[in-house]
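Chains F and L, in that order, give the protein sequences.
Using my numbering, the first residue of the first sequence is number 9, and each one after it goes up by one.
Using my numbering, the first residue of the second sequence is number 448, and each one after it goes up by one.
These are computed hints drawn from the structure, not numbers from a lab.
All values derive from a computational prediction rather than experimental measurement.
Incorrect hints may appear among the rest.
What the hints assert, rightly or not - Here are some of the chain L residues that sit facing chain F, going by a computed Cβ distance under 8 angstroms:
id : residue
1  : L466
2  : T470
3  : R478
4  : E524
To be verified - One side only, chain L facing chain F, incomplete, derived with CB under 10 angstroms:
id : residue
5  : E467
6  : E469
7  : E472
8  : L475
9  : Y486
10 : I493
11 : T495
12 : A525
13 : A533
14 : L534
15 : T536
16 : K540
The beta-carbon is built from N, C-alpha and C at its ideal position, and this holds for glycine as well.
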Amino acid sequence: MIEAATAHELRDAFRARRLSAAEICRDALARIERLDPALHAFNTVAADRALARAESLDRDFERWRDAPLAGVPLALKDNLCTRGLRTTASSRILEQYVPPYDATAVARLDAAGAVVVGKTNCDEFAMGSSNENSAFGPVCNPWAADRTPGGSSGGSAAAVAAGIVPLALGSDTGGSVRQPAGLCGVIGLKPTYGRVSRYGLIAFGSSLDQIGPLTRTVADAAIALGAIAGEDPADATSAPEPVPDYPAALDDAGGGLRGCRIGVPWSLFEQGVDPDVRRAIEAALQVLQARGATLVDVALPHAQHAIPVYYLVATAEASSNLARYDGVRYGYRAPGAGLRDMYGKTRALGFGAEVKRRIMLGTYVLSAGYYDAYYLKAQQVRTLILRDYEQAFSGPGAVEAIAMPTSPTAAFRLGERVSDPLQMYLADVFTVSANLAGLPAISVPCGFTAARLPVGLQLTGRRFDEATLLRVADAYERDTEWWKQRPQIARA
Amino acid sequence: MRTGFSRDEVAAIARLAHLELETTELDLFTRQLSDVLTYAAEVQQIDTTAIPPTASVVTRHAADRTDEVRPSLDRNEALAGAPDAALETGLFKVPRVIG
């Protein structure tokens, strides 16, 4: 019963005293032990810490009874700082790093009663789309062991898809929550920029990064978002917008989509979408229509330039953010003859190839003489991409959400794209725009390819209107059973 | 504008970024970064006359706050992750810089 349970069900079981937090926790830890040798989804398993925490919930039952995620096992992407628990960002340079504080999102889930069972594998510093850039080895897709789970939050997606935990957090700079969610057949939500505090998230692209939940059901994503959202004095970019009661809004809507206008940027689909993926998306759109939604063709003429813009902006920000890893205040230090030599050797040995590539590209586009031609230009095109979305979301023909595939293909084979970074980047074509525009977006399981690999439907919404995305996703979930399907590994 | 990188340029960028590259890495990155930059140069074809740049989508800034003393990280905790710290004096130690 526990194995296929959602966060919502486990919380209710704890509340009704049908299960203790310790029983729920031991069960999740047993699944890690059984499944993770094949998946490699976890960098660190915090078994003793998790059990002690679960037992404290049981002892203090009255205090925790009404907490929204009481007793729910939680996995955290390993770029979210956890006080006293190793946080590596899947990098050699932080392999032994133990943060002295919790990320705000982590502290909020803690306050909501969740129990952290471990830290999940990811691409190094969240840079990648396949989890193959982890210094500790790749994660396997639970649906096919020879395929990637996507990335960069690959471990979080695999852990949820395999039924190890019902809830994980990831971070999304260019699709790193949504793309692995899509490729692993789970829900992945990237909130509006500013909706969730970034305090304690190891920075990659600071104008793009957002923390978001991965779950098996929309209702669980609604609970998790409600718990982590809201202004935080520790992050000046976190927004003061009020946080709605997302689960209550879902109940009120009751799955209806009458009057809801959903935009579809058909012309974007020309960019190499796999026929199986396209079929699944078209079928999903019909389901939404049957629920009462009106489909509208929308033009996002500059979205086709989102990849180059993203890789210029994100690498520029990364080169600046990663300058802090210099072997002085924390992390790995290589011996060197003098300070500069120490810096160069520390970073050469501490960073992997993809991180080095991005730091160098970012250093270049910010350098004198090239700044205007690349970085400034990319920022101007970013404005155009943003305006395309604003136009679609406003005026007489306004839509409430925009639908497209999360990824142009289903999960690809491990090793297939590692030697060609540009090919890897191109697969982010549908996800990076939401980060550039700061908009919320969700990936929802919407079927399988002929090879039985999951396909994700992506919905992008208006700023701070995660509620509409959840409502549309929930309506879709009510009429479909994709989310109930489980990979073989989880049924063994 | 020309695109792509020479090997010397990549070496110069690596020095700016404090990355000591091996010869094999230098060759590989020269090719890979040239591919990416050539592709990214397509942004230069887009007309952006009179379009302001977007550095961040944050619309409101709460830059001002009351100047109150609040608890912060304990000094020893802050030093605990350092590869070489002098706990008694509260300093991060680095290799010799002068002479």
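Here is how each hint holds up against the structure:
1. L466: holds (5 angstroms)
2. T470: This interface hint is violated because 13 angstroms lies over the 8 angstroms limit.
3. R478: violated (10 angstroms)
4. E524: At about 4 angstroms, which falls below the 8 angstroms cut-off, the nearest Cβ of chain F leaves the hint on E524 (chain L) intact, so it holds.
5. E467: E467 (chain L) check passes; min Cβ-Cβ to chain F is 4 angstroms, inside 10 angstroms.
6. E469: holds (8 angstroms)
7. E472: holds (7 angstroms)
8. L475: holds (8 angstroms)
9. Y486: holds (6 angstroms)
10. I493: Status holds, d = 5 angstroms.
11. T495: Holds - the Cβ of T495 (chain L) comes within 10 angstroms of chain F, reaching about 4 angstroms at its closest.
12. A525: holds (7 angstroms)
13. A533: violated (13 angstroms)
14. L534: violated (14 angstroms)
15. T536: At 15 angstroms from the nearest chain F Cβ, T536 (chain L) fails the 10 angstroms test, so the hint is violated.
16. K540: holds (9 angstroms)
Hints 2, 3, 13, 14, 15 from the earlier list are contradicted by this structure; the remaining hints agree with it.
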